[in-house]
Amino acid sequence: MSEIIIAGAGHGGLVAAWKSAQLGHKVTVFERNARENLGYDQKDPVDASYFDYAGIEYPERWKAPNNVITLVPIDKSVQPVTLPEEKGAWTLIVERRELLAFLIDLCEKAGVHFEFGCEVREPVVLGSRVIGVMTSQGIKLADLVIDACGIDSPVRRNLPDFMHIQKDLGNFDRLHVYRAYYNRIEGKPDPEHRYYVYVNANGTVGFTWLITEPDSADVLIARFGEVTEKDIEENLDFICEQNDHVGREIIRGGKVVDIPVRQPLAVFVADGYAAVGDSACMTIPLKGSGIGYSIKAGTILARAIEADVYGLFNCDTLWKYEHDFFRETGFGACTVALEKNLLPYLTAKDVSDFIASGILTAEELAELNTDKIEYLRKNNIVSTVKNKLKLLNGMPELRNKGLKIIGWFGREKLVEPLF
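Under the numbering used here, residues 1158 to 1576 are what the sequence shown spells out, in order.
Calculated directly from the structure, the hints in this document are not laboratory data.
Computed from a predicted structure; not experimentally measured.
Don't be surprised by glycine CBs; every beta carbon is placed ideally from N, CA and C.
Don't take every hint at face value.
What the hints assert, rightly or not - Ranges of calculated distance between the beta carbons of each label pair, as one might list FRET restraints: (1) G1344 <-> N1315: 51 to 57 Å; (2) R1218 <-> A1191: 33 to 39 Å; (3) L1298 <-> E1217: 27 to 33 Å.
Stated by the list, open to error - Simulated pairs of lysine-lysine, BS3-like, Cα-Cα distance not exceeding 30 Å: (4) K1183 <-> K1220; (5) K1477 <-> K1324; (6) K1412 <-> K1183; (7) K1266 <-> K1297; (8) K1220 <-> K1412; (9) K1477 <-> K1345; (10) K1297 <-> K1387; (11) K1266 <-> K1220.
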């Protein structure tokens, strides 16, 4: 039996904790928040297949209603694009707080111990190995530390440089997101579609979504730059002008948070250390959705722990976790990240032009909205992009921006076989 510390009660960390405890290990989760304050006060979609992958039976009530998405370009001369319903990967809608409580219950039944209100501040390193964490309640030692502290993890950010794990993220590696649930105006009918995504006009591409619920209007405003009070006010004005059923009274939410929108970290294991979830940037890069990836990663990590029969938990044995994650999921995320890397070079008008030219179809946008992206995973990926760029011959500036993708795709396809 080994001592395993989970730093932070993130989704992936909890799945790894649950499965590690089932293997007979002594597992302790240290979480800075009180139990009743865990998680964002919001709903999120997730593909049911991730729960199936982890062997988690989920409640029937989580099954989602219609999630057809309509993308609305800023150029009103360009028709909105409605994504094919059959391409929707989101088959569950879960309350984040309910999901965390659900996973914690699984963990406790398996014997996992929780220390709530205990802040993890930095790793404890001896030689080349992480041997524990420094917390608000003192030093806690373990054979393995699983980092589930999130995007700005104090564990990852304080690791020694020789571990070659990226500590800080770039400006376009994180999305600043405001989300709140507003009241619905009584007597106003539902819109044509439940789920709208609006591309914004102010500078570099951001987006705003509106999801109409029976009892509320779910509004999200996302930017690479700072989300200001002015941004929130202007976007809410726009939403209310376009949708007369949306009120201005906040029912819940109303916070700005950061989420990673990039490929997974190139290295996320070291001697005595493994990162999971947002700590390792395990999200769908175009939108930052990470619950599914985290659940899958926690499961893959638990398999690596099980395979390490001598409890070494070093780079050699934990490499199985990193290798298997990239083979099963990580390279797909990298391909989507290449698309995301184009966004800093685009304006909202460029996005409208992409849609108007036919270079982005409803089918392809649906693929990019999921982590499946079959059309980008074909062997002829570079020639596919080249053929699409021919559609932009009459728009040289936009075509030059699109050409940046080709080199990125080529490099990614060269690296993938090495895994």
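Outcome of the hint check:
no.	hint	verdict
1	G1344 <-> N1315: 51 to 57 Å	55 Å, holds
2	R1218 <-> A1191: 33 to 39 Å	26 Å, violated
3	L1298 <-> E1217: 27 to 33 Å	42 Å, violated
4	K1183 <-> K1220	34 Å, violated
5	K1477 <-> K1324	22 Å, holds
6	K1412 <-> K1183	36 Å, violated
7	K1266 <-> K1297	23 Å, holds
8	K1220 <-> K1412	26 Å, holds
9	K1477 <-> K1345	54 Å, violated
10	K1297 <-> K1387	44 Å, violated
11	K1266 <-> K1220	24 Å, holds
Checked against the numbered hints listed earlier, the structure breaks hints 2, 3, 4, 6, 9, 10; every other hint is satisfied.
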